[in-house]
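K.L.:
Chains as they are written, first to last, in this note's numbering: chain A, 33 to 262; chain B, 33 to 262; chain C, 33 to 262; chain D, 33 to 262; chain E, 33 to 262; chain F, 33 to 262.
Treat the hints with caution; some may be incorrect.
Same chains, same names: a pair is fine if it fits in one copy or spans any two.
Unchecked claim - Here are the simulated BS3-like cross-link-like pairs (lysine-lysine), alpha carbons at most 25 Å apart as the crow flies: (1) Lys229 to Lys144; (2) Lys34 to Lys137; (3) Lys217 to Lys141; (4) Lys35 to Lys141; (5) Lys34 to Lys63.
It should be emphasised that the hints constitute simulated quantities derived from the structure, not laboratory data.
Number of protein chains: 6
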Amino acid sequence: MKKLIRGLNEFRQNYVRGHQELLEQLSHGQKPRVLFIACSDSRVAPNLITNTDIGELFIIRNAGNIIPPYGAANGGEGGTLEYAIDALGIEQVIVCGHSHCGAMKGLLKLNKLQKDMPLVYDWLKHAEATRRLVQENYPDLTDEEFIETLVAENVLIQIDNLKTYPVVKAKLHQGKLKIYAWIYKIETGEVLAYDAKTHTYVAPQSQLPIDNSSDDIYSLAPSVANQTPA
Amino acid sequence: MKKLIRGLNEFRQNYVRGHQELLEQLSHGQKPRVLFIACSDSRVAPNLITNTDIGELFIIRNAGNIIPPYGAANGGEGGTLEYAIDALGIEQVIVCGHSHCGAMKGLLKLNKLQKDMPLVYDWLKHAEATRRLVQENYPDLTDEEFIETLVAENVLIQIDNLKTYPVVKAKLHQGKLKIYAWIYKIETGEVLAYDAKTHTYVAPQSQLPIDNSSDDIYSLAPSVANQTPA
Amino acid sequence: MKKLIRGLNEFRQNYVRGHQELLEQLSHGQKPRVLFIACSDSRVAPNLITNTDIGELFIIRNAGNIIPPYGAANGGEGGTLEYAIDALGIEQVIVCGHSHCGAMKGLLKLNKLQKDMPLVYDWLKHAEATRRLVQENYPDLTDEEFIETLVAENVLIQIDNLKTYPVVKAKLHQGKLKIYAWIYKIETGEVLAYDAKTHTYVAPQSQLPIDNSSDDIYSLAPSVANQTPA
Amino acid sequence: MKKLIRGLNEFRQNYVRGHQELLEQLSHGQKPRVLFIACSDSRVAPNLITNTDIGELFIIRNAGNIIPPYGAANGGEGGTLEYAIDALGIEQVIVCGHSHCGAMKGLLKLNKLQKDMPLVYDWLKHAEATRRLVQENYPDLTDEEFIETLVAENVLIQIDNLKTYPVVKAKLHQGKLKIYAWIYKIETGEVLAYDAKTHTYVAPQSQLPIDNSSDDIYSLAPSVANQTPA
Amino acid sequence: MKKLIRGLNEFRQNYVRGHQELLEQLSHGQKPRVLFIACSDSRVAPNLITNTDIGELFIIRNAGNIIPPYGAANGGEGGTLEYAIDALGIEQVIVCGHSHCGAMKGLLKLNKLQKDMPLVYDWLKHAEATRRLVQENYPDLTDEEFIETLVAENVLIQIDNLKTYPVVKAKLHQGKLKIYAWIYKIETGEVLAYDAKTHTYVAPQSQLPIDNSSDDIYSLAPSVANQTPA
Amino acid sequence: MKKLIRGLNEFRQNYVRGHQELLEQLSHGQKPRVLFIACSDSRVAPNLITNTDIGELFIIRNAGNIIPPYGAANGGEGGTLEYAIDALGIEQVIVCGHSHCGAMKGLLKLNKLQKDMPLVYDWLKHAEATRRLVQENYPDLTDEEFIETLVAENVLIQIDNLKTYPVVKAKLHQGKLKIYAWIYKIETGEVLAYDAKTHTYVAPQSQLPIDNSSDDIYSLAPSVANQTPA
Ligand SMILES: [Zn+2]
Ligand SMILES: [Zn+2]
Ligand SMILES: [Zn+2]
Ligand SMILES: [Zn+2]
Ligand SMILES: [Zn+2]
Ligand SMILES: [Zn+2]
C-alpha cells in the first residue's frame, strides 16, 4: 500500500504537471471514442497496450471479459454498456480476451468451482456456450491449445451476447456501431484481431486499408458486427 | 481505430521491448497485490494514477464503481471479487470513486433514466442507498456539492455491500483483508482516502505511519473495514 | 366445448381409424425432424400449413414466437429447445412469425400494457430489441408497414437470441443445426423465408436447389445460421 | 426441409383455395374460444385431435404442458395466458397432458438431467410438486403406471398453478372462466377428461348433459375450476 | 428500550421461575403441532390469542401474511414452511389474516407505494390476485367493507399459493396436512374460521364436532385443503 | 386444534375482557416502538420474553432470523422492514437469535439439505457468510460451541445485511435508528445483548446508563450500528 501511495505522488509530480490542461478540460466531461471490454486480469492494461491517454477508453472489466446476454444478468455489464452507447455516443466496441485467462481455465474445472467458489461458478454460466462449443468441436487439442481456443471463441461468443442488447442491435442496424474482437498475448504484448472473412485472428495492422485518410471510415475486422441481418 | 492500432505498435516498440522479462514471467501467472474497483469512466486510469506496472492491480470496472450486495446480482462483480480473494489471495481492496461521476449524476434523474436507459436505471438501484442517504441527510447543498457528496458516500456504501460477501466477511474477521475508500479528483489528479476516525476523506500521505518498515503492517485508513460511516 | 367433444369423436372416427399403425408406432417414441417455434395465435397452424403429420413437428408456441436469450428467462422456452436438440437430436429449427401479430402490436402500446397486462408487458421486454431497432431505423412507415416490419425483424432477432444457447452454438459450429426464418401471411396462407444474401424474405420455393436429391444437403435460407463465426 | 416446402405448396393448393373467405376474415382479427395448453411433443396435435379449424384454438406449447405459478417464471407462459384471457376474452382453458410424455419421464432421472440438460432440469422444477406427490403417494406402481400417474397428476397440478394468476383467479370467481383437465392417449387417439366428483379421468362424452342446447351452459368437468373458494 | 429490558427481567422472575422444567425440556428440541402464518402487525399476537405456551406454535410473520407461490420468491417463506412440514413434521397450518391490515390497505394505493416504498410495492405483487379478485367482483363496497373483503379473500388466496409447494401438495394428498383459514378481529379479539361448505367465515366453536374425543380426528374447516384433487 | 379453539375462548374470556379499551384503541391504528426480528422457532416468544403487550412489537419471523441483503431476495423481509421504518416510523430494531437454532444447525449439513429440503438450502445461502466466517475463524470448537458461535455471529451478519437497505442506511446516518443484537437462551430464558466495545454478548441490564431518565436517549449496545464485529 505504501508503494501505491508513493505511486500516487509520482503520478502527480510527473503526469499531472504535464497534463494540467487535459485534466482541466476532462473535468468538464468525457468524450471517449471506444468502449473497451477486458478481463480483470492484472496483466491486461487497456490504456498501456493501446498507448491511449486518459479520456480515450471507456472500460468494463470483469473476470473473463464476459457480457451476459440481454436480460440474463443484473450486474454492471448491461447498464454500463447502455450508458456508453446511449449516453456517451460511443460507436466502437472492443471485446478483448487474453492468453492464459484464469476465467477460461475455470471452465475446465467447473465441478471444483461449484463447491469452492460458487460465485465464480455462477458467473461462468455466461460462458457455458464457450465451453460447450470448444468441448464438442475441438476434440484433439493439448491443454494449452484448449485454453487458447476457449479464449478465442469466448470473445466471439460474448460479442454475440452483446448483440442481443436493444441499444446494440439498433445501432448496428444503422451502421453506427462497430464491434471488434481482440486477443492480447501476455507473453509478447501482441494483439490479434478477428477477421470474419477468414475466420481467424490476424495482426490488426495487416487489415489497414490503403486509403486511410479518415478514421471514421476505417474498418478493422468489423465484419463480426456485420453478421447481423440488415 | 487507426489511432488504436498505431498505439498497439507503439506499445510493442516501446514498452514491450523494455519489459520482455516481466512479460515472460507474467505469462506463468499473475500475482497482483490489490483488487482495484473503479468506475468505467474514461478519465479514471487505475494503473496510471498509482504508477503501477502490468501485473500489480486486479481491476473491476463498471459504471459507478458499484458492488451489489451478496446475492443481489448475477453480473461479474461477485464472481470476480471472489476470484480475486479466494483464487489469487489478494488481501487489499480499494474502492475508488471519482469526481464528476456520470453514474452519480444519474441518481438525480432516475425518472428520465427509467424511460431512456432502463438498464442504467436498473443498475443504479444498487446505489439507491447512496441516493436516499444523501437526499435525506444533506438538505442544503448546491448541485455540485450534492454530486460530490454522492460520490463520497457511495464509496462507503459500496464497501458496506462488499462486506456482505462470505469471502470478504471471513477474511476481514481473520484480519487478512483490508478495504480502502478512495476518491480520485479528475481536475487535479489528486486522490483522497477515507479516514474512519474523523469521518472525512484526507490526503493518504498524511496517514503514513512513522515506522513504515513493512508494507504488511502498514495500514492506511483500514478502519473502513471495521465500521460503518456514521 | 360441445363442439370440441364432437371434434374429438370425429378425430377418432376419421383420422384414428386410418392411422392406427402410425399411432401405434409413435407410442414407442417420437422422432420429429423439425423444431417449429410459432406464435400462440389461433390463426397459425404449424401442422396444417406445412401439411405435416402427427410426429413430424416438435412445437413451441407462445405470444410473439419469442425466445429469450440464454439465461434471460426461466420459462419453458429454454428447456424445451434444449430437449428438442439434445434429447431428440433435432437438426432444423424454424422460427415462424406471422402477419397481424398481436404481440408485435403490443410493442406499440407498452405504456398501456404496463398498467393493464403487466405479464404481457414483462414478456415483451424480450422483444425490446425488435421495437427499438424498428423505431430507430424505419422512420417513415405507415402503421401497417410498421407492424409488418416488426414481425419481420422480430423473427431475426429471436434467432439471434436462440444462438446464445450453448446447445445451439455448439451444434451450429458443427454444421449440425440449421435455423430458418419464416413469416406466415394469414390473409393468403403464404409463407416467406428469409434470404440472408439479399436481406429479404422470399418465396421458399425460389430457393430450391436444382439438384435436390437429398433432403440433408438441401439448404433453404440457412444463412442466418451461418452468421455465427466458425 | 424439401418436404416442408412441398407441404407449404400443398397447403396453399388444397386448403387455402377452399378457405379464402375464412382467411380473409381472420386477417381482421382472431376470436378463439379456447386456450389450449399442451406439450411440445410432436405426437400431440391440438387442432387435429379436436377437429378444429384455423382460428379456434389459442395455443401454448412447451415441454410437459407446464404453467409455472404466478411470479415463478418470466418465460412466455404467464404473458401468453394473460393475453388470452384479458385481451382476447377467452373463457375456456384446457390443460392437456399426454401418455408417454418425455418431460414426465424426465422427472425420474433428474440427477442425470442436472448434468446433461441443465435447462430441462431447471424447467422441470415447476413440476417438482408432481414428482413428489406421485413418489410419496403411489408406492407400488410399475414404471409404466408411474409415468401414467405423473401425467395425470401433473395436469391437475399445473391447473392449480394456473389458478395462482390474478387474471385467472378473478375470472374464476366471476364464473367467467372454466378450466378443463385432459389427457391425450397417443396410442389410441383417445382423450380423457378429469371428473372432479369421482377424482378420475373419464370419457368426455359420458359427461354430456341431456339438454345440451347451449354451449355456454354446457359444463364438462369444470369442477376443477370450482374448487376455488367463491 | 429500558421498558424492554425491564420486561426481560420480569419474564425471568415470573415466567421462567415457574416453567424451568418446560424450558429445560424444550432445550432438547421443539415439537410444535401447528405452523401459524400471520401478519407482522403488532396487534396480532399468535400465542396470546390462542392461549398457547412456548413450544406450541411455529410462526412465520410478514406484512400481510403472504405466502408467494412456489418458485415465486426466495425470501424466508418457502424455506421456513418446508422446514416446518418436512423437518418438524407439522401437520396443521393456520393462515391468519386480521382486520385493519395495513398491507391490505396498501393494495388500494399501489401507485403511491411504487414511488415511496418500492419494496412494499414489490412484496404486494404476491397479493395482486387478492386485489384484482376483490376489485372485479365486489363493486359496491364501502371503503371499510372493501378492506374487510381483501383481508378475507387474501387468506384464501395465500392458501392457494401455499398449495403450490411440493411438500404441501404431497402431504395434502396423503391426508397428512390440514390448512385452516382464520381472521383475527383486532377490535373484539374474536377469531373467525373459513367454512368451505358455506363459503363464509364462521365462529370456529360452531364447527366443533359432537364427538370430539380425539384431537387428531377433529377437523375444523379443513375443506380448504380438501379442494386439492385426490 | 380443539386445544387451539379452547385457547381462543380463554383468550376472549380472560384477556379481552380486561383489555377492551386497549383493543378498541388499537383498532384505530398500531404504534409499535420496536421491530423485532426473530426465528420461527416455537420456543421463541417475543412478546412473552419481553413482557410486552399487544401493539408494542412489530414482528418478522422466519427460519434463522435472516435478513437477506437489499436486492438479494423478494420475500417478505425487505418489504416488511421498509414498512416498519418508513410507514410506522419505528426507530428501534432488534435482531434476536436463539440457542439450539435449527436453521444454524442446518448450516452444518448443507449437502443433505440440498437434496432433502431444497428450499431450506436456498434460504440458508443468505447465511453463507455466517457459515464461512465461523468455519474459517473458529477451528477448535466442540459441536455445541460451534452452533453457539454460529448463532452469535449470524445475528451480527444479519445486522450487516440489514444495513444495506436504503431506508436503514438513511435513518442510521440521521441517528434515527438503533439496531440491537440479542440472543435468547432457551434453556434459561435469559437474553444477552451484543456489546460492540468488548465484542461480546453481555447481560443487557449491565449496560443500563446511570441516568436513565429518558428512553429516547437510552442506548443499549447501539454501537452495533456503528461497526462490524472484528
Ligand atoms: Zn482473464
Ligand atoms: Zn463514474
Ligand atoms: Zn402473434
Ligand atoms: Zn410431453
Ligand atoms: Zn396486517
Ligand atoms: Zn431458530
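K.L.:
Now look at each hint and say whether the structure bears it out.
P.N.:
Against the structure, the hints:
no.	hint	in the structure
1	Lys229 to Lys144	neither (38 Å within a copy, 40 Å between copies)
2	Lys34 to Lys137	neither (33 Å within a copy, 32 Å between copies)
3	Lys217 to Lys141	within (23 Å within a copy, 42 Å between copies)
4	Lys35 to Lys141	neither (35 Å within a copy, 39 Å between copies)
5	Lys34 to Lys63	between (33 Å within a copy, 17 Å between copies)
Going through the hint list in order, the structure does not satisfy hints 1, 2 and 4.
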